[in-house]
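J.: Using the sequences provided together with the hints, build the complete structure.
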Amino acid sequence: MTILVGRTDNKRAADLFYDLALAMELQGERWRANSYYRAAKSIEELGEHLRSVSERGELRRIEGVGESIEAKLEEFLATGRIEALENVRDILPEDLDLLRNIPGLGVRRIAEIEMLLGIRSVDELLRAAYEGKIAELPDFDEGVDRKVIEYLTWKREEAAEVPTPYAIRSAKHIIDYLQGSPGLIRLELSGPARRKASSVANITLLFTATEPDGIIARFGLCPEVTELIIVEKEQAVGKTTSGAACMVRAVREESFGLDLLKSTGPDAHIRSLGKLAKERGLRLTAARLGKDRARTEQAIYDALGMEPVRPEWRGFPPCECVVLPEELRGDLHLRCVSFDGGLRVLEMASAAHDLGHRYVCFCDRLGGRYMDPEALERRNILIDEAADLLGIPILKGAEVDITPDGRLDFPTEHLERLDLVIGSVNARLNMDSKAMTSRVLTAMEDPNMDVFGHPSGRILGLRESIRSDMDRIAEAACDRKVALEVNAYPDRLDLDAESIRAIGDTKNMFSLGTDAAFPSELTYWEWAANMAMGACLPPSRVLNTLSAEQLRGRRWRK
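Residues in the sequence shown are numbered from 1 upward in steps of one, following this note's numbering.
Just so you know, these hints were derived from the structure itself, not from any lab. Glycine included, C-beta positions come from ideal geometry on N, C-alpha and C. You may find that some hints are simply not true.
[What the hints assert, rightly or not] Listed next, with one range per pair, are the computed distances between beta-carbon atoms:
1. 373 to 268: 48 to 54 Å
2. 103 to 430: 21 to 27 Å
3. 86 to 373: 31 to 37 Å
4. 471 to 52: 46 to 52 Å
5. 34 to 350: 46 to 52 Å
6. 137 to 88: 22 to 28 Å
7. 373 to 130: 25 to 31 Å
8. 471 to 413: 45 to 51 Å
9. 116 to 268: 27 to 33 Å
10. 48 to 434: 40 to 46 Å
11. 447 to 498: 58 to 64 Å
12. 388 to 88: 44 to 50 Å
13. 354 to 445: 37 to 43 Å
14. 137 to 498: 35 to 41 Å
T.: Printed below as a string of structure tokens:
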């Protein structure tokens with residue numbers, strides 16, 4: 001078989017040799033890494049097709065190409081792959097196509113980040129950048145963390161998929177900045193962000209004011225707005241630091257409620273209200289509803305003879321029984337291990353207690369560069385000490401990688417002594433659906449796996465979901481009493497309400513957690529509760545409604 005290679009595929013060939021260089025760096029073979037790096041750079045800068053050079057028998061004339069690399073190039077031209085690279089792919093980080101294009105990193109720095117911080121994926125890189133840990137590494141620029149965040153924010157903007165918690169944070173900053181402006185009467189968040197969709201491309205803010213142009217002018221001065229795109233008398237659009245575009249639009253005070261309702265959506269909900277209005281001899285217009293009714297959403301629902309629908313539930317069938325925030329007793333996925341190996345057990349548990357949690361469970365990543373059995377034992381001792389000091393139950397859990405062959409990648413005797421084990425897919429994410437499904441189903445046969453963590457594996461705007469048969473996985477999880485995780489970390493939001501509803505009529509249990517590593521991240525708990533309510537989950541199917549004693553020792557599974 002012959003693979004045709006064009007100029008654009010010269011870049012693909014170069015990337016494969018950059019990957020080989022990275023693999024050699026990680027194995028400590030610097031001289032081989034240098035050879036592959038030189039060849040990759042030369043191929044990338046080549047002014048003609050690789051195939052044309054090969055057909056002339058002149059591959060070795062390319063700088064850095066010797067006998068061994070020539071053979072690998074010929075293999076690539078014939079098959080589209082390099083066997084030597086396939087043999088070492090398991091040691092390479094995930095999301096490499098994304099990582100290698102981040103300005104200021106490159107092969108050698110990716111290797112250093114992996115070796116010094118244990119970072120092997122874009123979600124881990126983001127966490128390190130948020131913490132400012134990359135710039136602390138030797139010979140790294142002071143602004144590297146900011147550059148990483150800016151580039152990945154731009155990628156999300158390009159994908160029109162910004163995690164909604166980040167978009168809402170931008171919206172709140174803008175609202176705070178505009179509040180108190182002369183003549184401002186009302187200002188409200190609208191659009192999919194108000195419905196707590198997982199990701200959005202833009203933010204919509206509706207306002208009424210005596211002088212709308214003054215509000216528009218002040219919007220342009222807001223520090224949260226990085227660039228103005230459109231400026232008109234009664235509306236403006238600007239880019240925000242979250243990557244989402246924000247539109248502020250003036251509406252009339254007498255129709256504010258109607259505009260808010262329609263802008264919030266979704267279309268299916270507005271159509272159903274329109275049909276109901278028609279049956280009552282009304283229409284969803286300010287003129288037909290009347291000024292008093294169009295002012296607020298409450299008045300509109302009253303006119304239609306129905307209870308107001310929470311924005312998160314609009315467009316979905318009504319819930320008969322849904323878990324409420326006050327019924328959720330504690331966060332079942334916290335982290336206490338920092339990139340430098342420090343343990344923040346007391347700090348995290350105390351902050352969670354202050355937020356009203358009646359218990360928490362620490363589920364730090366185990367294995368590899370994360371936490372070995374000795375470190376796990378040290379953490380568990382600190383957990384007991386913190387529980388005694390704070391007077392609240394603190395559960396001992398862990399997140400463990402599911403290997404490609406379906407094993408939990410940590411010694412069984414240590415997992416058996418934990419209260420909650422989350423098994424998750426964090427590597428080899430590109431398996432086909434059949435293989436990935438088999439991988440997860442095999443892991444669920446291990447009695448130590450209590451929760452299937454962040455089941456889709458996605459990183460919003462940066463990584464697609466894994467390919468798997470989620471219906472089969474959910475059915476097996478139900479049979480084996482393995483809960484599915486609702487991970488509320490903004491980069492994931494996995495499973496979200498829509499995904500849970502799509503699973504179908506199962507009796508699966510669900511475990512809610514923020515995946516928080518810092519006290520400030522514990523506020524993501526609001527999103528965990530919102531996703532559970534949006535999915536219409538009853539209290540009986542949410543682990544977090546159980547007592548600590550029911551969770552301890554896996555009593556809930558027996």
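J.: Taking the earlier hints as the rules, which of them does this structure contradict?
T.: 8, 9, 11
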